[in-house]
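**Student:** Protein sequence lines correspond, in order, to chains A and B.
FYI, the numbering used here numbers position 96 of the first sequence as 96, with every residue one higher than the one before it.
FYI, the numbering used here numbers position 145 of the second sequence as 145, with every residue one higher than the one before it.
Treat each hint with caution, since some may be false.
Unchecked claim - BS3-like, lysine-lysine: derived pairs with alpha carbons at most 25 Å apart:
| # | chain 1 | residue 1 | chain 2 | residue 2 |
| --- | --- | --- | --- | --- |
| 1 | B | Lys132 | B | Lys192 |
| 2 | B | Lys203 | A | Lys192 |
| 3 | A | Lys203 | B | Lys132 |
| 4 | A | Lys192 | B | Lys132 |
| 5 | A | Lys200 | B | Lys2 |
Calculated directly from the structure, the hints in this document are not laboratory data.
Protein chains: 2
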Amino acid sequence: MKIDLSFTSSSLEELQLRSKNIVVIDVLRASTTVTVALANGAREVIPVGSIESAVKISGPLFGEMTLRGGERNGRMIEGFNLGNSPPEYTEATVRGKSIIYCTTNGSVAMFKSRFARSLIIGSFVNLGAVAKYLGEKNEDFMILCAGRLNTIGQFSLEDAVCAGMMIQRLGSDGAVALELTDASRAAVALYKSYGRSLLKLLKTCEHGQFLTEIGFGEDLKVCAAVDSVPVLPQLSGTVIKLRKDEQRPEPGDTGIAPKTVDS
Amino acid sequence: MKIDLSFTSSSLEELQLRSKNIVVIDVLRASTTVTVALANGAREVIPVGSIESAVKISGPLFGEMTLRGGERNGRMIEGFNLGNSPPEYTEATVRGKSIIYCTTNGSVAMFKSRFARSLIIGSFVNLGAVAKYLGEKNEDFMILCAGRLNTIGQFSLEDAVCAGMMIQRLGSDGAVALELTDASRAAVALYKSYGRSLLKLLKTCEHGQFLTEIGFGEDLKVCAAVDSVPVLPQLSGTVIKLRKDEQRPEPGDTGIAPKTVDS
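Sequences and hints are given; from them, build the entire structure.
**Tutor:** Below, the structure is given as structure tokens:
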């Protein structure tokens, strides 16, 4: 199984991704938020590439079965219902709703992958579920780290470390032989360097520092909680839903309250 | 001193680089080749972005004081005088000559940096000279890894490790305080993971494997020889020359024959 990886998404063209099995990783915070939203019963997440698209798509249904979620500069967009903080996406808020989702990096990478052969959303909170799925599927795939579009180089250390941990987990039972590229080898090495304390990693990486500065420091604990939300968000048509064999809890269940880690 | 880094060059715009001090790294092989060529007395290297540009620029003078060098798919371009193998750039061949230089990745990154505040060409063979210069200059800079344009993700492990070693060397005497970004932190971690045997790294990385397959395995030994060509290629106007305070050897000197490493 060959594992390719891109540390950034901006240089890739949609049609380059068309024949590929893709895992989009945006630890802080899009992948985590989408995973939490679907685990809490959201009907679907519809990633878009721009605020204009979000407004256009959600127009007639807005406010009833449809919510707008996302961020610019880390904060909720004017006229939206939700920001990009995983704890906002509670069962009470999102159950049964379609979420039009627009963020600076993550939703753009997801949107760009909408013609892919398959698309999974990965993060620390569902890392084991993703690795298990990829191992069973046993096909070549590519990890697309969302990165940071507004930064020189666009590299996000936390996404790279999450990718490396996913590859390491996938290879750990020895059941599948992994063929790694330069980038996927690098991700594994970065996981080995930085994986010992994920919360420390999230606190010290550039985007984590920014989120702390603007008041979202608590989100880092949610985003660092490995395997706390073990579900599999997957592209289905043009929207992201939980994988079919995963039953969403029935209305009335408590849903998943995000777990956190403290070290 | 803040050190930023981009693992790929394609997503950056020329004007983003305008105000920056840039170090372009393309270990296999453009940075190494340019360094060897200038150390062996080439008058200047003129990086271009396309074969068409190379032909246009070198037209009237071609074959006298001007040589065309570079590669496509690793091999010499039809109608060129030189490929991209450092040992081709001997003193007998290049002394006093202007070299119009066109490669898939490295020359493009250099060309893109032609409006930068300053531009240095770095590789393992001149790593110490570059680190010494950057330490004395003591200004923020950005490392631009050329990467591989025709690869998904465009990441080259050997360029990342060289960047990390350069940063590590720069910080090792403690004279300057370094401020690292996510990407430059990652490069240092990758150097620590892979820096123990650079030749092994070059033999196992994707581009090194490709070069070995097409018959350039010996070049890897040249490219892995740390500090073997201790000169500083620098942008001067629109061309690359040795730094002014470095005297090129007089005609009749033996020039630098590339050293190699065997492990």
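**Student:** Work down the list of hints and note, for each, if the structure agrees.
**Tutor:** Going down the list of hints, with the structure as the test:
1. Of the pairs offered as hints, the one joining lysine 132(B) and lysine 192(B) holds, with about 20 Å between alpha carbons and a cut-off of 25 Å not exceeded.
2. The suggested pairing of lysine 203(B) with lysine 192(A) holds, with an alpha-carbon distance near 22 Å, which does not exceed 25 Å.
3. Distance restraint check for lysine 203(A) and lysine 132(B): the Cα-Cα separation of roughly 32 Å exceeds the 25 Å cut-off, and the hinted pair is therefore not satisfied.
4. A hinted pair counts as satisfied when its Cα atoms are at most 25 Å apart, and lysine 192(A) with lysine 132(B) does not qualify at roughly 30 Å.
5. The suggested pairing of lysine 200(A) with lysine 2(B) holds, with an alpha-carbon distance near 21 Å, which does not exceed 25 Å.
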